[in-house]
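**Student:** These protein sequence lines are chains A and B, in that order.
Under the numbering used here, the first residue of the first sequence carries the number 1, and numbering increases by one thereafter.
Under the numbering used here, the first residue of the second sequence carries the number 346, and numbering increases by one thereafter.
Take these hints with a grain of salt, some might be off.
[As the list claims (entries may be wrong)] Covered stretches of chain A, going by a simulated chain B footprint (3 or more residues, C-beta under 8 Å): (1) 111–118; (2) 193–202; (3) 221–229; (4) 267–280.
No lab work stands behind these hints, which were simulated from the structure alone.
Just so it is clear, the structure is predicted and the values come from calculations on it, not from any experiment.
Yeah, the Cβ is synthetic: ideal placement off N, Cα and C, and Gly gets one too.
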Amino acid sequence: MKPLLNVENLSVWFPKKVSFFGKPLTWIKAVNGVTFQLKAGETLGLVGESGSGKSTTGYAIMRALNPREGKIEFCPDGDTVYDLASMDQKELRPIRKHFQLIFQDPFSSLNPRMTVRDLIAEPLKVSGQGTHKEHTERVKELMAEVGLNPAFLNRYPHAFSGGQRQRIVIARALTLNPKLIICDEAVSALDVSVQAQILNLLMELKEKHNLAYIFIGHDLEVVRHIADRVAVMYAGRLVEDGSAEDVLTHSLHPYTQSLLATAPRPDPHFVYENKPLSGEVPNPAALPSGCVFHPRCPVAKDCCSEKVPQHTQLDGKSVRCLMHEEDSKHNWDESFSLAETIQDD
Amino acid sequence: MTEKDRHVVLEIKDIAVDYKTDHGTVHAVRGVTYKVHADEMLAIVGESGCGKSQSSYATMGLIQAPGEVVRGEILFHEDESSAPFNLLSVDKNSPEMRSIRGGKLSMIFQEPMTALSPVHKIGKQIDEALKIHTDLDKAGRFKRACEMLTLVGIPDAEKRYHQYSFEFSGGMRQRIMIAIALCCNPKLLIADEPTTGLDVTIQAQILDLIQDLKKKFNMGVIFITHDLAVVAQNADRVAVMYLGRIVEEADKVTLFDEPQHPYTQALLRSVIGSPLASDGKLKTIEGSVPGPYDVVEGCAFHPRCEHCMHGLCDKKMPDFEQVNDKTKAACHLFTEEGKHHKESQA
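Extracted from the complex, chain B is given alone in its bound form (with noise of 0.2 Å):
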């Protein structure tokens, strides 16, 4: 199948969010377009603070005060023959936004030992999901909870169903996490880090856990990582973000064999294993990410970018769009704008 040809499950169009704090506003999320389509899985990839995870809490309705989501859309789409409904179009504490989020919108936070509550039976846990977001009655419930359970591969589903978070490992708690995210087929998932913490081999099955779910729900997964190890196994396609702004975005293959942007070449370099990264003395990105007060013009990377064109990457923010046929980009290098200021230099 085509990309074209399959279900658009989410889209996000150019959305914003800003934190207005004491000293000054912080644009976490400076303009973020992407889509994500059925059966696939989108790795959102960054370093810390570039604003990866708050895309994704604005669709989920969780960006909270100071922060707000400025502009933009986010289109849900239920299924191939249902109208759009845009998230942004109602109040996060709407009943429409409750009936969809943790049914039809599910998420897995990074921390399971936070995310779960210390004093419920997991099972209940479970249970309170179903309660909102199905019809079924007390026992219908319960057999659903407890096929979940075997389903994430958590043994003896019935007993361990009566059991608290503590009592479980882990890796074990990040299962049922995904059991919770699961229990009502969501149509999109979005991990948030979910193996980050986790030991290499438990990580490998919580991934392969959610290749295989993905698969037999159909569901869109918005993955959110900084390890590009684990995209390289398991995204179907890669974003990759800095400071708020995606500057490239392409299907895996290409992003690790032919990437674009400055940014995502440099990153590359630096990561060991990976085939761009030189043996011994690693390359690295001179300089560290801007804090989140300050400004920079232009092109956010172009400070530590070493092909940036002086007079206008510090001046205008480069477009994000198509650079060839396989991957987007933002970077005055692709740009008309960048062409004829190379000519008008040389």
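Chain A with its partners taken away, still in its complex shape (with noise of 0.2 Å):
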């Protein structure tokens, strides 16, 4: 069986300065190297601060924004494999309706001069499937499932609520029974008691359907819930990938671990050990050299500013690190014996 997606070295580029003549002169380089796979009916939780380049990666692989370069392969009925990266637009038509995208702020992603059953019958009509009574009735259908009355079919989105209008919106995403659906940032701006609701609906919706998410967020508590598989990026880059369980609590890199050693958690008895991390995300435009996390870590050595760090498998987790490197593993190596001599003496 082939994965539902198979993304490969895929890197965004945006211009920064431009020539004269329309040439690029230098760029964003806002993902880089993004290599991952994503089996159906698995949800893959992709965090990192904002600036990380997580949305940009799900715009992407929805080719919403054109890669640089790398690949995409999508297989949404397990034999037929397309490469979304090289397709052009046309080609891409009739397979967009296999993957949808669910956006964070519920309020401006719902046009508010149509009523909610123009708004979830859209993709059926842009779509050319079925006639109007067909379409009514699918959305009654939808409606009901994702939660909402079947009777306010004729309301406006101004009539609900932020998770009802949530539920619109996740309505919307399934009509055309896709197999991947882009979170991005769904549930952060609800209140914790409906986000509760809308991650309690996209874990059942999954079920059902046997659908893959793609859920980008910020909140690793809410991720390590709803998450598979979680892939940590920074600047860019992918760092640390592997199942939820893994990454989240024996994490291998040291952003991972600073992320999730800074993440407020709501129990007052947890003991926050380290320090938050200095500094912010860099600047996409100048990014550091060697490994970008370098001028952050709390543990870099002389050798992260020169050398990338490459892909590194260590415990079933794919992770980004000298330190875990075999040719530059004894860098650390030496400092902890150092320490241990030190203290002997």
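Bring the two chains, given one by one in their own frames, into a single complex with the hints.
**Tutor:** Laid out in structure tokens, this is it:
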């Protein structure tokens, strides 16, 4: 069985400075060499600070942005593989129904002048399926499925609360029976109790329709709850990738560790061991040399500013840190043994 | 130090805020009472629309028409010896109020981009507060502004003094807001969702900074948020609000370990990662928050409450009172009437 999605070495660059003739001179490297796989029915949590390129990755997979290089192999039926990265928009149209997007803010992602019926039926209309009557039937079915009263068919979005609007957005994403849904911070704008309702709904729908999610979020607790696998991004690069439990409890990369150490938890007895990370995410137009995380890294060595770390497979995780690479591991061993010898004296 | 020995900075007694609109009157705050001590962080938590910001806007005199504070008292104790000053006894634009607001009472807002002026250098914006509230000369004010910028963790203060707000990142802008708020050594700082919209690492930096400064200046902090994780990490005491009223107030550990009010219990069960939350499917609160114009008789939470006692909870609003030695709550499960009602039903 082929994976539903196979992203290889995906890069998205935006031109920053353009010459007089329109040729880009400098680039903002928003996403750089991202590689991951996603099976049908699996949830991948994509986490990182703002500006780390997690949304850009999602949009590039949807081809809402054009990737600069890399492969996006999408296999909706377990058989035919489409490389989304090399197809043009016309070729993409028939495949688009297999992947949908849910945005963060349910207040701006619904057209205030369209009724709920029109909003949810729009994908059907655009793809030219069925009659008006069939659309209405499907809309009613979907509204019931996401927990909305089908009698509210002809109301406008303003009559609904934030949580209900997010349900409308989810219903619209489900209209064409997609295989993959990209949830871009789908619950961040909602209140806690509503957030729980929407997360439950997303998890129910996943079971029912064997959906795969790419769940983009910054709240590690939410991602831990919903995701099967987690990929951590920093400054456009994937720094760690593995099963959710593994990455979020036994993380190997210093960045993931610092993120976990500083994320507040709703438990007053939790002891925070580390000081928060200093500094901020680097400007993507002027990334640091070597490992992009080295200026903020609590355990950085001289070699970190020179060498770019590669993916290393370790304990079922893929991690990009020189500390775990065979050739450069010794830099850290030395300091530990040095510390030990000092203690011995 | 026990709670009694500590100096009370702000006392809010039964205040109510109404907004009169064409569609009817919205009771944004419906009788809220709390105290803030020096060197204490009181967190006010609640879902959007529960009126958590409104009581502190009233404190700052920021309620604007059609809003109006319809009853209650807000007592500000500048220091232990001075007589309390009722902030509602003077007009919100009076010289007395203006001399306190921004000086002794300060506020940080959620959006540092909209709260800072884009056309003034950030140094000038700090200078403005100092000009109004202190009698320092120009050189003194410049020195103080640079000190504040360094204190909140902005390096190279003398150069940054002359930059504009758009030249700073989100986290840095929030630091500038804090510098402006704290430059006159306030007794009370109101932080209205100061870290919402910031990344976790930046959020941790800002919260650390507020904690440090709270101790350093011995100030009371009212921290308004919807994020229970931030509350669990930072607050000393917590007040939970629902539809314009405080439903429960206790110290942080008691509130998270032994929540008394059904709303607090339900809320904590729906927060991922809290000790009360279940794995897998989360428990959620049935129904949704009533709209602003809806009138709910009795306890505002009764339509969604699993312990609702018909005939009492939907008739009479429970008083906010001490339910045990640690917790104050507003729920008929703890009132005499509630107990009688239960017995008579049985």
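**Student:** Hints first: check each against the structure and report whether it holds.
**Tutor:** Checked hints:
Closer than 8 Å: that is the beta-carbon criterion, and the stretch 111–118 of chain A has 0 residues meeting it against chain B, so the requirement of 3 is violated. Coverage of the stretch 193–202 of chain A by chain B holds. Counting CB-CB distances below 8 Å, 7 residues qualify, and the rule asks for three or more. Counting residues of the stretch 221–229 of chain A whose CB falls under 8 Å from any CB of chain B gives 4; the rule of at least 3 is met. Coverage of the stretch 267–280 of chain A by chain B holds. Counting CB-CB distances below 8 Å, 10 residues qualify, and the rule asks for three or more.
The structure fails hint 1 only (numbered hints given earlier).
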